[in-house]
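Asks: Taken in sequence, the protein lines are chains A and D.
Using my numbering, the letters of the first sequence map in sequence onto residues 1 to 111.
Using my numbering, the letters of the second sequence map in sequence onto residues 1001 to 1113.
Some hints here could point you the wrong way.
What the hints assert, rightly or not - Residues from chain D shown here face chain A by an in silico Cβ test under 8 angstroms; the list is partial:
1) Leu1041
2) Tyr1048
3) Tyr1064
4) Gly1098
5) Asp1106
6) Gly1107
Hints are computed from structural coordinates only; laboratory data are not their basis.
Heads up, the beta-carbon is just placed ideally off N, CA and C, and yes, glycines get one too.
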Amino acid sequence: TQLLEQSPQFLSIQEGENLTVYCNSSSVFSSLQWYRQEPGEGPVLLVTVVTGGEVKKLKRLTFQFGDARKDSSLHITAAQPGDTGLYLCAGCGAGSYQLTFGKGTKLSVIP
Amino acid sequence: EAQVTQNPRYLITVTGKKLTVTCSQNMNHEYMSWYRQDPGLGLRQIYYSMNVEVTDKGDVPEGYKVSRKEKRNFPLILESPSPNQTSLYFCASSRWTGNDPQHFGDGTRLSIL
């Protein structure tokens, strides 16, 4: 099983601040997905990164896939209270159909 | 509306009493999977299925069974539940594989006393 390590585990910031969440592994992944989960609900896909070095933007969220396809980051600019939630990265190792999730980063944005 | 439906949403039961959590998707997806989510441990895959009659173990399959007799349904069976299976369970589906965007159900909170 490929492991995905997310950091930080918890993050509490003021509205308007910037933040970065990391997702790292020693294994190569075919692609990495980022999800956001709110209490009482299932995770919802934010983005999938496929190509090494790829950068994708979703409004104030910027996702990057490492050149070696072993790591990814999520950067949020000018965080808002609506960004509060659990952020999860997930991926399948090369040649595998089993999906592995990181343990998540719990983000709280204080108004 | 495209969705993954799990039932029940909440269940409190006792050790050893067999139970089944149903999962159904209406998107004609090939890939379906079950996860459990526990504090500090994150989402862990229990079983996944690539197609009808094709299932495989995830990271934590012990104590669980699944079946995939039809494309749309993927029930999770606990033959003899134990307290360590108390958890929040999610079913998910995707078009082809784990590399595709996963659509999750709303979750089933199971308490085994």
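Asks: Against each hint, give a clear statement of whether it holds in the structure.
Replies: The hints, checked one at a time:
| no. | hint | in the structure |
| --- | --- | --- |
| 1 | Leu1041 | holds (7 angstroms) |
| 2 | Tyr1048 | holds (6 angstroms) |
| 3 | Tyr1064 | violated (15 angstroms) |
| 4 | Gly1098 | holds (3 angstroms) |
| 5 | Asp1106 | holds (6 angstroms) |
| 6 | Gly1107 | holds (6 angstroms) |
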